[in-house]
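Going line by line, the protein sequences match chains P and W.
For the first sequence, the residue numbers in the numbering used here are 291 to 681.
For the second sequence, the residue numbers in the numbering used here are 874 to 1182.
Some hints here could point you the wrong way.
[As the list claims (entries may be wrong)] Each computed DSS-like pair below joins lysine-lysine, with the alpha-carbon atoms no more than 30 Å apart:
id : chain 1 : residue 1 : chain 2 : residue 2
1  : P       : Lys641    : W       : Lys896
2  : W       : Lys1178   : P       : Lys641
3  : P       : Lys439    : P       : Lys641
4  : W       : Lys978    : W       : Lys896
5  : W       : Lys1178   : W       : Lys1142
6  : W       : Lys1004   : W       : Lys1178
Hints are computed from structural coordinates only; laboratory data are not their basis.
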Amino acid sequence: MSDPTESLGVVPREVRLRDLRPTETPTIIIGRVVSVQRREITRRSDGGRRPVLSGLLSDGTATVRFTWWDPPADEIERGMVLKAGPVQVREFRGRAEVTFNWRTQVAPASAAEMPALTESDLPSVAIADLHDGDEGFRLAARVVRVRPKTVTVGEERRLLHEGILLDGSGTLAFTAWSDFGLVEGEPVRIVGGYVRAFRGRAQLVLDERSHVERWDGSGLPTADAWNQSGPTTIASVETAGGAEHTTLEGVVVGLAPPSGLVYRCPTCRRSLSKGLCRLHGSVEGEPDLRARIVLDDGTGAATVNADRPTTERLWRRSLDDCLDQLRRQPDPSVLEGQLAEALFGRRLRVKGRASSDDFGLTVYPETVEDAGPPAELEVAALERLARGEAP
Amino acid sequence: MTGREPAWRVFAHEFRASVEEEKGTGDRAASYVLSPIGARMNRVLAVGTLTPPEPVGRDPTNPFLRANLVDPTGTFQVTAGGFQPRALAALQAIQGPQRSLVVGKANLYRGRDQTAYVSIRAEALRGIGEKEYRTALAEALRHTAQRIDLSTRLRAPTAPTDATDRSVTAAPPRWLDAARRSIARYPTADPATFRAPLAAVVLALQGEEPASAQVPQSAVPSGRVTVTRTPPAPLEAPVSSAVRAEEASFLDIVDDLSERSVDGYADLKEALALALQGGVGPHRAEELLNRLEEGGVLEEPIVGKVRRA
C-alpha cells in the first residue's frame, strides 16, 4: 500500500505502543486486535450515520484504545495483526489513544512484523507497582496459591487456574487461561502477562502468549512466612483498596442486614426479598443462616460475610435449632437479636479476601476464629509505651 | 474515606476532655466529637465498670437511662433510650457494678454557658470477663499512646514532613486526618498531659487495680486542656426529673400554640405567658427555652416565633 505521508517528504516513524505520545511526527503502529466493536454514530448536523470501529490493540509493550472512522466492510476480528499509519495520537486520562482517519492506511500484517521483544526490553516490576492496563513487563514472584476452575465461555467449557502471587511488595491475584503447571510455593518468572481490574482489584491475566519459567526465588518471601503472617490493620487494607488474602483482627461491634435466618432461591442461591428472587420470581425459599459481621479494630471497620457453617459455629446453634425456635416463636427478628447478642463484643481473627467499594470493606472469609485474649500481655512494653518511651 | 465509622478506643480522661465537635451537614452526615489528642469520634468503644443505670425523665413511654462507666482514668456517661432498644435492655439488666464493653455514638451537648457535656449513646453493650477487659485496656492504651505520639509530632514547631517521619506516614490515614483537625481546633493543647493518667491503666493491667474499680476521681490526674473558646468539661450535672418535667410541659405549650396558629409557629410571648401561668418564672422559662434551643429541640427561625426543630 502507498503511504500518503511520503509525498510530504517526512519519514513516518514506527513506534511501539509503550512509547506512543501525542506528536507532530507521522506515526506508524503495529499491534494485535485484543477486542473490537463496530458501531454507528449519528451526525448531529444532518442525521447521517457514520460507521466507527473501536477496540484495543496490543503489541506486547502496551495496549492502547483505537478508534477507526469509516472502516472497511470486511470483518476485523480479535487476534488480527494490523499495521496502521499515519495515526493520530491523543492522550486521554493519561493514556495514549489512537485514531485512524481518512489519511490513515490500515492493512493486515503478519505477527512476524510485530516488534521482537527480548527480555531486556521489558522492565522488571514489583507487584505493588502494577495497575490496571499494564503489560509488557517482567515479574518475578512466588505462587502461594493455585486452584483449577472450570468456567463456561459461550458454549465452551474451559479449565483455568486461579491463584495468588507473592513478592516482597505484596500479593496479586492471577488467572491463567493456559495450564502452566503452576505449583504452590514455586517461584516463577512471568513474561507476557497483562493486568486487568477485577472487582476493583488489579489481577494478572496469563494466556497462551504468556511465558512462565521457574527459578530459585532467592530474595522472595516464603509461602510459610506469608501464611503465618499476623493480622494487619483494617485501615491498611482500606488504603490498598482490598487484598487477595489478608488477616484481620477486631471486635464485633454489630451486624449488618441481612443477618440471621435468610431464605434463598433454590435455583440460584440468591437471598430472597419478600419471598421473591431477583431472577426467578416467586419461589419456595430454602432457609439458611448467615451473619454479616461488622468487625472493628479502631483504625477502620469491615463487613465480614460469614456463611452458614461459620455462623453456626460462632453462634453454637444450628439452622434446625433456629427453625425449631421460629415455629414456637414466629418472629425472625428475635433470632437476629440473639445472634447479635451472641457475637457482639467478641474478638475475632478473620482470614480471607477483602474487597472495597462505596460501602466500605467487605471480607469473604476462609476462616473465622475467636482471637481470644493473648496468653501474655506485654505489660512491661505497654508501660514504656504509656510513658512515651520507644518500645 | 468511605464505609462505616470506626469505634475509637478511648479512655475516659481523653473523652471527658473533648469539648470540640464537627457537626455534619446534609443528609445522613456524620457528626464527630474531637479530642485534644486526635480522636475524631463518631463512634467509640470503651471498657470499664458499669454501674446500675438511673432513669432520666419521667415519661414512661419514652424510657431513657443513664449509667456511669468507670475506667482507670475516669468516668464515662453512658445513655440509652428507646431508639437503642437492645442497649436499653442490656443497660436495664445491670444490677450491680459489672465489667462491661460499650460501643456507641459519641455525643456532645453544649450548655448555655458553652460548657460541653460528652456522653456515649450506647448502641450495644455487654458484660466481659477479666481477660477480655485487660485485652481491651491494652488495645486502648496502645491506640491512645499512638495518638499522643502522632499529635505531639504534628504539633512540633518544626513539624516533620510526611515523607521523612515513619511514625506519621505509617499512621492510618483516618488517624492522621483526625490529628490535623484536632490540632486546628485545640491549638494550645499539650498532648503530654494525657500521658500521666495512663499510669493507672498500666496498674490495672498489672492487676493492681482496686477490686471495685472505683478509682477515686481525685486520685487520678486527668488530662486537661484549656481552650480559649470553651472551658474544659466538668462532670455533667445530672438533669433532675423536675427540670425534665418543666421542659416537657413547656414543649406541650409550644406544640399546642403552633398547632392553632396559622403559620405553624408558636408565638414566643404567648408561650412564655402560658408557662408563667403554669408556675414557671420568667427567668426560669428563658433558661428552659435556651436549653431546648441549644439541644436542638426547638428552633426560633424568626425572632419571637418558635417551633419544634
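Status of each hint after checking the structure:
1. P:Lys641 x W:Lys896: violated, 36 Å
2. W:Lys1178 x P:Lys641: violated, 58 Å
3. P:Lys439 x P:Lys641: holds, 21 Å
4. W:Lys978 x W:Lys896: Distance ~13 Å between Lys978 of chain W and Lys896 of chain W Cα, so the pair holds.
5. W:Lys1178 x W:Lys1142: holds, 9 Å
6. W:Lys1004 x W:Lys1178: Given that 30 Å is the threshold and the Cα spacing comes to 56 Å, the pair is violated.
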